[in-house]
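Could you slot chains B, C and D onto chain A? The hints should help.
Number of protein chains: 4
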Amino acid sequence: MAKKIHITVWNEGRHEKTNETIKKIYPDGMHGAIAKYLKTHKDFEVRTATLDEPDHGLTDDVLKETDVLTWWGHMAHGDVRDDIVDKVCARVLEGMGLIVLHSGHYSKPFRKLMGTTCSLKWREMGEKERIWVLEPGHPVVAGIGEYIEIEHEEMYGERFDIPAPDTLVLVSWFAGGEVFRSGCCYHRSKGKIFYFRPGHESYRTYYHEGVLKIIANACRWAAPVAGPDVYCGHYKPLEKVETA
Amino acid sequence: MAKKIHITVWNEGRHEKTNETIKKIYPDGMHGAIAKYLKTHKDFEVRTATLDEPDHGLTDDVLKETDVLTWWGHMAHGDVRDDIVDKVCARVLEGMGLIVLHSGHYSKPFRKLMGTTCSLKWREMGEKERIWVLEPGHPVVAGIGEYIEIEHEEMYGERFDIPAPDTLVLVSWFAGGEVFRSGCCYHRSKGKIFYFRPGHESYRTYYHEGVLKIIANACRWAAPVAGPDVYCGHYKPLEKVETA
Amino acid sequence: MAKKIHITVWNEGRHEKTNETIKKIYPDGMHGAIAKYLKTHKDFEVRTATLDEPDHGLTDDVLKETDVLTWWGHMAHGDVRDDIVDKVCARVLEGMGLIVLHSGHYSKPFRKLMGTTCSLKWREMGEKERIWVLEPGHPVVAGIGEYIEIEHEEMYGERFDIPAPDTLVLVSWFAGGEVFRSGCCYHRSKGKIFYFRPGHESYRTYYHEGVLKIIANACRWAAPVAGPDVYCGHYKPLEKVETA
Amino acid sequence: MAKKIHITVWNEGRHEKTNETIKKIYPDGMHGAIAKYLKTHKDFEVRTATLDEPDHGLTDDVLKETDVLTWWGHMAHGDVRDDIVDKVCARVLEGMGLIVLHSGHYSKPFRKLMGTTCSLKWREMGEKERIWVLEPGHPVVAGIGEYIEIEHEEMYGERFDIPAPDTLVLVSWFAGGEVFRSGCCYHRSKGKIFYFRPGHESYRTYYHEGVLKIIANACRWAAPVAGPDVYCGHYKPLEKVETA
Chain A
23 MAKKIHITVW NEGRHEKTNE TIKKIYPDGM HGAIAKYLKT HKDFEVRTAT
73 LDEPDHGLTD DVLKETDVLT WWGHMAHGDV RDDIVDKVCA RVLEGMGLIV
123 LHSGHYSKPF RKLMGTTCSL KWREMGEKER IWVLEPGHPV VAGIGEYIEI
173 EHEEMYGERF DIPAPDTLVL VSWFAGGEVF RSGCCYHRSK GKIFYFRPGH
223 ESYRTYYHEG VLKIIANACR WAAPVAGPDV YCGHYKPLEK VETA
Chain B
23 MAKKIHITVW NEGRHEKTNE TIKKIYPDGM HGAIAKYLKT HKDFEVRTAT
73 LDEPDHGLTD DVLKETDVLT WWGHMAHGDV RDDIVDKVCA RVLEGMGLIV
123 LHSGHYSKPF RKLMGTTCSL KWREMGEKER IWVLEPGHPV VAGIGEYIEI
173 EHEEMYGERF DIPAPDTLVL VSWFAGGEVF RSGCCYHRSK GKIFYFRPGH
223 ESYRTYYHEG VLKIIANACR WAAPVAGPDV YCGHYKPLEK VETA
Chain C
23 MAKKIHITVW NEGRHEKTNE TIKKIYPDGM HGAIAKYLKT HKDFEVRTAT
73 LDEPDHGLTD DVLKETDVLT WWGHMAHGDV RDDIVDKVCA RVLEGMGLIV
123 LHSGHYSKPF RKLMGTTCSL KWREMGEKER IWVLEPGHPV VAGIGEYIEI
173 EHEEMYGERF DIPAPDTLVL VSWFAGGEVF RSGCCYHRSK GKIFYFRPGH
223 ESYRTYYHEG VLKIIANACR WAAPVAGPDV YCGHYKPLEK VETA
Chain D
23 MAKKIHITVW NEGRHEKTNE TIKKIYPDGM HGAIAKYLKT HKDFEVRTAT
73 LDEPDHGLTD DVLKETDVLT WWGHMAHGDV RDDIVDKVCA RVLEGMGLIV
123 LHSGHYSKPF RKLMGTTCSL KWREMGEKER IWVLEPGHPV VAGIGEYIEI
173 EHEEMYGERF DIPAPDTLVL VSWFAGGEVF RSGCCYHRSK GKIFYFRPGH
223 ESYRTYYHEG VLKIIANACR WAAPVAGPDV YCGHYKPLEK VETA
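Protein chains in written order, with this note's numbering: chain A, 23 to 266; chain B, 23 to 266; chain C, 23 to 266; chain D, 23 to 266.
Treat the hints loosely; a few may be bogus.
Treat identical chains as interchangeable: a pair holds within one or across any two.
What the hints assert, rightly or not - No farther apart than 25 Å at their CA atoms in a straight line, the calculated lysine-lysine pairs in the DSS-like style are these:
#1 K258 x K150
#2 K262 x K150
#3 K61 x K235
#4 K45 x K235
#5 K235 x K46
#6 K64 x K26
#7 K109 x K130
Hints in this document: simulated from the structure, not taken from any laboratory. Here the structure is a predicted model, which means the values were calculated and not measured.
Chain A extracted, bound-state conformation:
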């Protein structure tokens, strides 16, 4: 039997604690909703972790055992400890997949891995978002139609200050007149990163089947590959070298 993919669904988890409306929408937190869906897949082994746990739930052991980490954060990006951020980034470069969700665009790990500001335009009016598939042959859109529609979402608009994705899979249309690169694939060292736009805390986005499917697909795409161990440093010649 194939090895399972070990997923850690990370969530800041503060909105759900401090805001009654959000708590009602996500009584088990957004991480709970995402994890519940992912657990229905036999090839996944799923756990959750949140900001307010010791070490944000991301101990060395947890990170080591994690094949793919999903990340949602917003109001408390600044509370994430820098040493944990460094460990998360190091694990990504080592091969761990990272799925960055919605406002995670401004999280410390994503910004550090991208090297740009990752800023954007935004507006919270609950307008319609339609996410179009640009690459119908990409594994993250398996089982998806030509677009998915989300009745009410926060708007994110370009210019999204990211490096051009290695593969741009999804672009959003917003009722208010903007577009956004919503599904962005990156290779960084041995790791893979997928940024996926939707998921404002005040809407029911993480119950949307299309959204959940894409997250599950992205976890499979981003799972580590048994590629070569990379050696860096001084290196002896593989061939006879003549020098003066």
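Positioned in the frame of chain A, the structure of chains B, C and D alone reads:
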């Protein structure tokens, strides 16, 4: 159980018929050597097809049932019927994976799909080739070391006249002083294409474990994905449109 | 003084002949409107050519002298002679820039150079298009704001069946609910190609300052570079090679 | 007359002070050799700056006036002040070009902008390097042949831990058996970055005409473009939005 990947190993198969030396190296043809290896994988269903079969072995039924097609051609590119080439290309755009091997760089389907001349420098001296991995997190290099070495190969050198690959996974070093983009990934419509350099007919390249592993990995990477059916043509508005 | 960029503005020119409404909008043809603007730039030397001239106005001499060719076609793609198409493509691969405008997406040269179907969704309702800049540091958007707005345009929607652009500079939003990759840069051999979406014949798009500016910028970006002459074919080793 | 490109040639400048052999090769420092060449171009306005000047010679005014910054560092990466690094990176994102030379691959600004380790294999034996052009139509190779050869250089080998370049223009061959991505173009926010491999301090690389030409070309390519000012933050809808 997961659906098997149906692979058709296509070979021109002329060198093996007309040249005693080649026949000795590949008594069952290069397609035979490749297919034999691929058949050792339980997730693959493998058949072969060659130029001199009716319809080059690529009838509509065969193409329809093929998830991934591997292509080796050289001395008889011109003998491949244009109607078959059109069908192969159409199937790729529909989602069939295509693994183009060595001198297949100059085959009709590859050139048509690339839109460039696909020409290059070459030299047959049996020199050493060392293929370096640039993207250690890419699935086509699973189980491979930092490089693979082929003791005797034909040289291919840059400028290789192809569109820049969507992902460049491998680059070759040649003893005579050249470099070459040896492992090139492309998305084209719903299909995926992998160009893989090694495999001159007069060497034992298709018995090389590293080479074979990469071909097998590439077949998995290029296998079709159940992405959206794409509609093209006149399209009604999804939103109310006000015009003058 | 720097060498001028020789631009040939090519137009099918049929709508302007056969349709009174179009003739009124573009009394000198769309090529006339574009050329008039380009001629206001001192670094450009501009001529026009149309389908109904001998050799479509694209004789060997004209092509040889052309640094950048802009291409508009629609109702008569099929009337473009294949030998001329081959010459245009060959010149692009040799280094000539190609700016493909609007319905030129389905022209013979563009489809041949892309290797895909280049099909898309479309709708003619005269709805609003807003073209967003994704790469604010790219030379084709010099002098442009964050977006340009076109009050009335034909809609083109994704999935646009093209290879992922080397650089995606612009994405359109349409009132009816679609998005589209509107500014796409490609390197093909020594040539550069820019696909630019707007320009339906029944609107005044080629009088829009932002649209014209982008076309001018694209001409500069796509102008040939004195890069190396590429040799292809048999090649002697540059280093001493030991073989068995 | 066209606006001049203001170039600041930055150099750590320590090897030239502390090592007699290096001092002999570059009596005016490597920055001196590079600046001397760049000054022969009428479209450039060139100054130099070094680590041991106040603020490393990179005051706010200097950075503000700099269109393109070239960066060479090696033994003293750690001595570069973090606040200056932050300012350099911010200026790049604002539009300033950055040409990173040789061991600058491990400089603080480059690593921060890339988000990866930027590590590699290396060996100092004075072996031959041959740098091949992959993209003959790219402006950084104007006036260059199919390759440039450097008789004696330090080896850098893959896996070079960088994000895949937006455009890969050059790949090196080394006598000892390695390959390396030697000319790498990146867009980051409004800025452009070019990594260019050659230039070990103990060889006469910055007197090599081909190397110098590529640096000059890269300065032109990386010069700022008058693209849109990007607004980030809360954004009012451009269209009437209906929400529940």
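So, against the hints stated earlier in the document, which numbers end up violated here? Those not satisfied: there are none.
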